[in-house]
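Protein sequences appear in the order of chains A and B. Under my numbering, think of the first position of the first sequence as 609, with each following residue one higher. Under my numbering, think of the first position of the second sequence as -6, with each following residue one higher.
What the hints contain is simulated information worked out from the structure, not anything from laboratory work. All clues given are correct.
With a straight-line Cα cutoff of 25 angstroms, these simulated DSS-like cross-link-like pairs (lysine-lysine) come out:
#1 B/Lys91 to A/Lys676
#2 B/Lys49 to A/Lys709
#3 A/Lys686 to B/Lys91
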Amino acid sequence: DAGVIQSPRHEVTEMGQEVTLRCKPISGHDYLFWYRQTMMRGLELLIYFNNNVPIDDSGMPEDRFSAKMPNASFSTLKIQPSEPRDSAVYFCASSFSQGVKVYEQYFGPGTRLTVT
Amino acid sequence: QKEVEQNSGPLSVPEGAIASLNCTYSDRGSQSFFWYRQYSGKSPELIMFIYSNGDKEDGRFTAQLNKASQYVSLLIRDSQPSDSATYLCAVPLQGAQKLVFGQGTRLTINP
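Same shape as in the complex, but just chain B:
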């Protein structure tokens, strides 16, 4: 099992719908979880982080964390074409400051 796994893309969602991105991780001791968005040819940009079980909402974005099941998800409501990008899940492992990134899920929002 990889340390951080994301559902394989590409994921295609119609404009206005909810996009759901999932990520599982192997280290039960992980305490922080990050979602980055990366547009083609650009650097990863932090969009959400979550530390506690449950949901965290920021505008159209909601991060959901379930430590018992070791997964974290990102929901994008009212998807817009500008949300089309690759979304990377990142988890610090082994109590270190370094992050391990998933392979990313490419999301396409269709007008």
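In isolation and in its complexed conformation, chain A is listed as follows:
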């Protein structure tokens, strides 16, 4: 398997612009997670999906952030309008579940977002 795929790998945009990050999870995985990583705050969970349904979006910083998962093989994270403080590395991860046991998550390569 190719692993989790994210695009773009790097994004530079100006404040106020819309940014869309994309993710393709590992085939067969039923959970998808979006994280943000900064030096100050570390790795933070933004939102996660189970079988394409959002389960917990309590980590989404504000209404400017939205995420969708229209099917099992694709998810987007959108920021509109973007602000300089959104600059971070955004990771997508996926995992497989069986019952209540928590299985390991596999991370994509990340998207480095810079908002000027």
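Given the coordinates of chain A, assemble chain B onto it according to the supplied hints.
The following block gives chain B in isolation, referenced to the frame of chain A:
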């Protein structure tokens, strides 16, 4: 108390020595524990997971879990310069599938 705490780095270890990384967690109900390694500019990579009390060995890596004391540790034997990275401890909390990550410990292996 933070949900997942790791000993602050940076941690410097001479090549060939044992590196010991520690992590404590707050949720007594946690059942699974994960260690990720993250090289600078790269994504986190799973290196160990442990579900039961005691030790789990995989090559030069050993994960140790003590649920009564709520800590999990990672030992790296015969440390190599290629082990230099940030190590993240991750614990699922509140019975959910989501993981909470510690801040990470930056490990440097000195040749």
